[in-house]
Amino acid sequence: MNFEFTSLFFVRLLSAFFALGLVIVLRKKRATDGVLFLILFEFSAALWALSEGFEHAATTLQLKLIWAQIGYLGSSTTTVFFLLFTMAYTLFEKYVRKGFISLLMVIPILTILLVFTNPLHHWIWKAVDFYPSMNENVYNYGTWFWIFAFYEYLVLFSAIIILLTSTFRFYKIYKSQLIYLILGSILPLISSIIYVFKLVPSNTDFTPIVLVFSGIIIAFGIFFRQMLDVVPVARRQTINNLSDGIIVVDMDDRIVEVNQAFSCIINADRIEIIGNQFKRFHKLFLNGDPQSSSEGEFLTETTIRTPNGVRYFEVKYSPVMNNNNRLIGRIFLLHDISIRKQALDAAFESNELLRNEIVQNEKLIEDLDAYARTVAHDLKNPISGVIGLTDFIKDDIENQNWDQAFELLDMLHEQGHKMLKIVDELLLLARIRQEDIKPVVIDMKVIVSEAFSRLNRDSEERNAEIIVPAGWPAVLGHPQWIEEVWVNLISNALKYGGIPPRIVLGSERFGDGQFRFWIQDNGKGLSAESVEKLFTDFERLGKKNVEGHGLGLSITKRIIEKLGGQVLVSSENIPGKGCIFSFTLNAANKKRFYEN
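Residue numbering for the sequence shown follows my numbering, starting at 1 and increasing by one per position.
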C-alpha cells in the first residue's frame, strides 16, 4: 500500500474540509467587498492542507513529490489572495484592478511552472532526501524557492501593515474585527518561518493547518463580530442612492465610507475623506449637533458652496443597526434640491412681485379716486365759469358791447389755462410712475431761479419776501422734475403763507451722503393730524378760499422718492411760524461729501 494514514493526516484532512465548509458559507456573503478573495484564500489553504496530508501519508518519494507539487497550487497563491482580501476590506479597493492582480500573480504562476518542471533545472528543490523509517522527506531548496519565499513574506507583511494601518487610521467599529484578521495573518507567517528556516527539529510543515486555524479565527470575526455586516449595509444604501451624496460614520465619529457623489460635492478625494473625524465636515450641511438625533431619522436642508457654485441640499440622517438592533453607525444622505429650491424661490419672487404690483395698483386706485374727487371739484368751478362766461359774451356780442365781451374773453382764457394746468399735472403724475431716468448732477441755483420766474406774477401780487442762499450743494437729480418740485413748494408757501408771505429757502447735510433742501413760510402752520394726512389725499389743507387742486404735493413726493430721496414736513402749528417742507437728494460726490 502506498499510503500510511496517521492521526496527522486526519488532522490535515479535517482542516481541509473545514476550510471548504467555510468557503460554502462565505458564498452567501460574496457580494461584500473582498469576500471573493477570502473564498479563494480558504480554497487555496484547503488544497494546500489536503495535499500536505496526502504527502505525509504517502510512503514513496515519487508519490510524495507529486502531492508536494499539487500543494504548490494552493501554497503559492494563499498570501496573494489574503493581501487582496485585506485591501478590499480596508477600503483600498481602488488599487485592486486586473492589472494589479495580474502583476501579483506573476511569481506564483512562475513558481508553479518551475515546481512541475523541477527535474529539468532544480530551481525549487536541489535535492530531496527520503527517510523510509520515519516516512519523511527533507527538501534542499534551490535559488527560486528563496526568491518565492521572500516574495510570499513580502506579500504577507504588506497585508499585515495594511491591517495595522487601518486599525489606527480608520474606525473603532472595525478595530476588534481587524484584530482577528491580524491574528489570522501573523500565525501562518510564524509557522512558515519556523518550518522554512528549520527553527525546530521536526521536518513537518504545520503551515497549512495553521492557515486553516487562521480561517477559523477569521470566521469567528465574521459570524460573531459581524465583521462583514456593517459595510454591506452602507453599500446597499449607497447603491440605492447613487445620484446622492452619502457619508457613513461609525460610533467613534469617524468617517468610514463616502461615495463619489459626496466627494464631488465637497471637491475632495474619497481616500482623503475616509478616516477623518466627522466634525470636520458636518458643519457643511448640518444645523446643530448630528449626534443629538442618533436614534431616529431626520431631515434638514442646507446650502453648500461647490465647485459649480452654491447648491441646495436636503440632508437625511439614518441610523445603521446590526442584527441585534444595536446602533453601529450612521448614514447621511445629501439630495440635491437646487432646481426645486430655485423654482420655489422664483415662484416666491414672482408672487412677491405680483403682491407688490397689486399693492401698487390698489394705491394707484386710491390715489385716482382721491384725485378724481379733487379734480372733479376743482374743474367744476372753471367749467361752470366757462359756461356762464359764454352766455354773457353771447349777450354782449348781440348788444355790441365789445369792451365787456373782450374782458370776458380774457377771463375765459384764464379759466382754460387753469383746466389745462390740471391736465398737465395729471400727465406728469402718470409720467413719473412710468419713466425710468438716470439722475445727473444738477445746478440747483438755476433750477430755483427758473421756478421763481414761473411764479413771479403770484409773488409780486402777494408782495412776498423771499430769501434764497447764495450757493447750493451739488446733488443728483432730474432738472425738469426738481423744477416742478420747487414750483409746487414755493406755490404752496405763497398760497398758505402769512400776509405778506415770507419765504426762506436753504440746504444742509442730511444722513448718509445726502443733502436736505427746505422751504419755510410764515403761515399759521398745520396740526399733527393734518401733517399725517398731507400726502395721503389730494386735498387742500388750511385755507378754503385758496385756488388749487391738491395734486402738487403728491407729485413732489413721487418725484423725490423716484430719485432715491424723501419728503419731510414739520410744523409747530403756531400762527406766524408756518411750516417747513423739505426733500432730500443724493450728493453728487460722496467722497467729497465725507471729506468735508
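No wet-lab data here; the hints were simulated from the structure. Fair warning: there could be bad hints in the mix.
[Unchecked claim] Below 35 Å or equal to it, Euclidean Cα-Cα: the simulated DSBU-like pairs (lysine-lysine) are: (1) 394 <-> 445; (2) 524 <-> 438; (3) 562 <-> 533; (4) 533 <-> 438; (5) 316 <-> 341; (6) 394 <-> 438; (7) 316 <-> 445; (8) 279 <-> 94; (9) 524 <-> 445; (10) 577 <-> 557; (11) 495 <-> 438; (12) 562 <-> 341; (13) 557 <-> 524; (14) 28 <-> 98; (15) 445 <-> 341; (16) 394 <-> 341; (17) 577 <-> 562; (18) 394 <-> 316; (19) 316 <-> 28.
Numbered hints the structure breaks, given as an ascending list = The structure breaks hints 1, 2, 6, 7, 15, 16, 18; every other hint is satisfied.
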